[in-house]
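Number of protein chains: 2
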Amino acid sequence: MKIGFIGLGVMGRPMAGHLIAAGHEVFLHRVKDISQHLVEAGGTALDSAKAVAEAAEIIILMVPDTPDVEAVLFGANGVAEGLSAGKMVIDMSSISPVATKDFAARIGEKGASYVDAPVSGGEVGAKAASLTIMVGASEADFDRAWPLFEIMGKNITRIGEVGAGQTAKVVNQVIVGLTIEAVAEGLLLAKAAGADSAKVREALMGGFAASRILEVHGERMVNETFEPGFRIRLHRKDIGLAMEAAKALDLSLPHAASLAQMMDRAMAKGLGDKDHSAIFALMQEK
Amino acid sequence: MKIGFIGLGVMGRPMAGHLIAAGHEVFLHRVKDISQHLVEAGGTALDSAKAVAEAAEIIILMVPDTPDVEAVLFGANGVAEGLSAGKMVIDMSSISPVATKDFAARIGEKGASYVDAPVSGGEVGAKAASLTIMVGASEADFDRAWPLFEIMGKNITRIGEVGAGQTAKVVNQVIVGLTIEAVAEGLLLAKAAGADSAKVREALMGGFAASRILEVHGERMVNETFEPGFRIRLHRKDIGLAMEAAKALDLSLPHAASLAQMMDRAMAKGLGDKDHSAIFALMQEK
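Same order as they appear, the protein sequences are chains A and B.
Residues 39 to 324 in the numbering used here are what the first sequence spells out, letter by letter.
Residues 39 to 324 in the numbering used here are what the second sequence spells out, letter by letter.
These aren't lab readings, by the way, just hints derived from the structure by calculation.
Heads up, a few of these hints could be off.
Copies of the same chain are indistinguishable here, so a pair counts whether it falls within one copy or spans any two.
As the list claims (entries may be wrong) - In silico DSSO-like links for lysine-lysine, alpha-carbon gap of 27 Å or less: (1) Lys-40 to Lys-148; (2) Lys-139 to Lys-324; (3) Lys-324 to Lys-40; (4) Lys-70 to Lys-139; (5) Lys-148 to Lys-285; (6) Lys-165 to Lys-192; (7) Lys-139 to Lys-285; (8) Lys-275 to Lys-307; (9) Lys-192 to Lys-307; (10) Lys-275 to Lys-40; (11) Lys-275 to Lys-192; (12) Lys-148 to Lys-88; (13) Lys-40 to Lys-307; (14) Lys-237 to Lys-165; (15) Lys-192 to Lys-237; (16) Lys-40 to Lys-285.
I would like the entire structure built from these sequences, with the hints used as guidance.
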């Protein structure tokens with residue numbers, strides 16, 4: 039199949055690589071030295087998002103944030119200018135659920151369909167083709183995109199209509215961020231009280247406090263090793279999406295709001311490029 | 039072995055029952071109609087905590103809160119009056135880690151040893167003899183108490199010296215409570231955004247948001263069924279212990295403090311005897 043792939047960052051490079059390796063004809067935009075290997079593997083470099091949309095049947099985006107998606111889609115020489123009826127845009131970036139619905143409507147005006155399919159699993163999951171993919175799409179569009187998702191991920195769920203994938207991703211980031219904060223408060227208390235926090239973590243893994251966060255990030259807190267992993271700076275962006283959605287929905291998310299404040303403070307203190315478990319280090323400071 | 043058991047509530051009855059069934063000679067205090075079956079099974083009812091401490095070699099406490107433990111130990115006709123050198127007190131209640139160290143020191147003056155061994159797993163775990171037991175004790179005292187723990191629980195960990203068991207339990211309650219709040223914020227956002235929260239929960243169970251809380255309490259929130267389970271009223275007591283410990287240790291636990299406020303509001307709104315996952319119901323109210 040003719041596939042466009044725009045956004046060749048730390049996530050996009052291995053994802054595009056898997057599509058090429060699976061035998062698809064992949065059209066790339068913004069190929070740099072670091073992504074030149076994708077051309078050598080069989081990808082085709084084109085000089086605009088518009089050209090990619092003209093050449094491909096399905097165009098995948100994997101860019102940092104909402105404004106980047108908007109620019110790639112609707113900027114000069116953007117995807118929208120190259121689209122025609124029957125084509126499909128799949129946005130795998132993690133962006134605003136609210137903006138996603140707007141983008142989908144504008145892409146729909148071209149006769150093309152729109153799927154939001156943000157992922158979790160990070161660089162490791164992207165390389166191993168084991169990403170969790172949360173999809174917002176009509177059932178027909180989901181079926182059409184499925185063979186591509188299968189090449190890049192493992193745990194693939196259609197959450198609902200367009201926007202639902204981004205909603206699920208934002209929900210994921212809220213729960214992950216707040217669970218990290220929960221584990222940090224707990225292990226800080228253990229340590230301050232003079233208990234062996236490694237043993238506390240171990241005992242708690244047998245009960246209702248058990249979580250992937252207590253297992254993985256709890257261990258980082260016990261050892262106080264905070265190399266990323268997933269950077270506070272990036273997680274802060276996602277909590278911002280949650281706060282934006284909450285405002286649009288007249289919803290109060292008090293602990294997510296507090297977490298955003300903690301993350302801002304962590305960044306101001308130079309912890310922005312540490313793993314998100316470094317919230318523990320911030321809270322531990324006198 | 040001659041064992042005293044004081045505190046025949048919803049947890050204590052099955053725990054004492056397991057000790058009797060295992061062939062121990064068990065001395066009971068405050069036997070009522072609802073605990074009469076323990077006497078029929080072979081237990082001996084005595085009319086004071088002092089008498090229990092005189093008759094038994096190891097005295098187990100399973101009462102509601104810190105003041106109850108203090109009254110049973112040091113009140114008139116209390117355990118301390120009946121203790122002699124070489125005996126052991128095991129407090130399996132969930133109480134203040136700070137007060138625990140004080141109680142242990144005062145019991146130590148009698149030549150007796152003190153072990154704190156709070157549990158998690160609730161009524162179900164008590165009946166099934168599958169409680170998680172978090173122990174604060176010297177190694178020698180832990181070894182001496184071990185055969186009794188094995189009769190009542192499964193996941194038994196010595197966290198450290200006296201007080202460490204209560205610390206671990208408080209840490210557990212902080213992490214469980216805050217993870218419930220985290221899942222509630224996430225699933226509220228999913229629902230408000232119009233996503234199918236059951237599908238969001240399912241998709242998230244495959245990634246870093248996965249936890250026992252998302253699994254069990256997340257399902258309660260999706261179905262909005264909040265019968266206990268573990269009551270908000272009881273969890274509030276434990277968060278109070280965390281706040282007390284934090285104050286004593288000059289530690290700030292901002293989300294635990296906020297959760298205490300939410301739980302107070304839930305109780306004021308008549309949700310105190312609902313499951314702790316009913317924090318979702320509180321937050322959902324307009």
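Within a copy, between copies, both or neither: where do Lys-275 and Lys-192 come within 27 Å Cα-Cα? Classified as within: same-chain Cα gap 25 Å, cross-chain 42 Å, threshold 27 Å.
Up to 27 Å between alpha-carbons, please classify Lys-324 paired with Lys-40: within, between, both or neither. neither (57 Å within a copy, 49 Å between copies)
Is it within, between, both or neither when you check Lys-148 against Lys-88 at 27 Å Cα-Cα? Classified as within; 13 Å inside a copy, 85 Å across copies.
Between the shortest in-copy and the shortest cross-copy C-alpha distance, which are at most 27 Å for Lys-139 and Lys-285: within, between, both, or neither? within (16 Å within a copy, 47 Å between copies)
When Cα atoms must be at most 27 Å apart, do Lys-237 and Lys-165 count as within-copy, between-copy, both, or neither? between (33 Å within a copy, 26 Å between copies)
For the identical chains here, do Lys-40 and Lys-307 meet the 27 Å Cα criterion within one copy, between copies, both, or neither? neither (46 Å within a copy, 59 Å between copies)
At 27 Å max between alpha carbons, let me know whether Lys-40 reaches Lys-148 within a copy, between copies, both or neither. within (19 Å within a copy, 83 Å between copies)
Could you figure out if Lys-165 and Lys-192 sit no more than 27 Å apart (CA to CA) within one copy, between two copies, both or neither? Answer is within: at 12 Å inside a copy they meet the 27 Å cutoff, but 40 Å across does not.
How would you classify Lys-275 and Lys-40 at a CA-CA limit of 27 Å: within, between, both, or neither? Neither: 32 Å inside a copy, 61 Å across copies.
Taking 27 Å as the upper bound on the Cα-Cα distance, should Lys-192 and Lys-237 be classified as within, between, both, or neither? between (33 Å within a copy, 16 Å between copies)
Classify it for me, Lys-70 with Lys-139: is the Cα-Cα distance of at most 27 Å met within a copy, between copies, both or neither? neither (31 Å within a copy, 63 Å between copies)
Treating 27 Å as the Cα threshold, decide for Lys-192 and Lys-307: within, between, both or neither. Close neither inside one copy (37 Å) nor across copies (44 Å); limit 27 Å.
The earlier numbered hints that this structure contradicts are 3, 4, 5, 9, 10, 13, 16.
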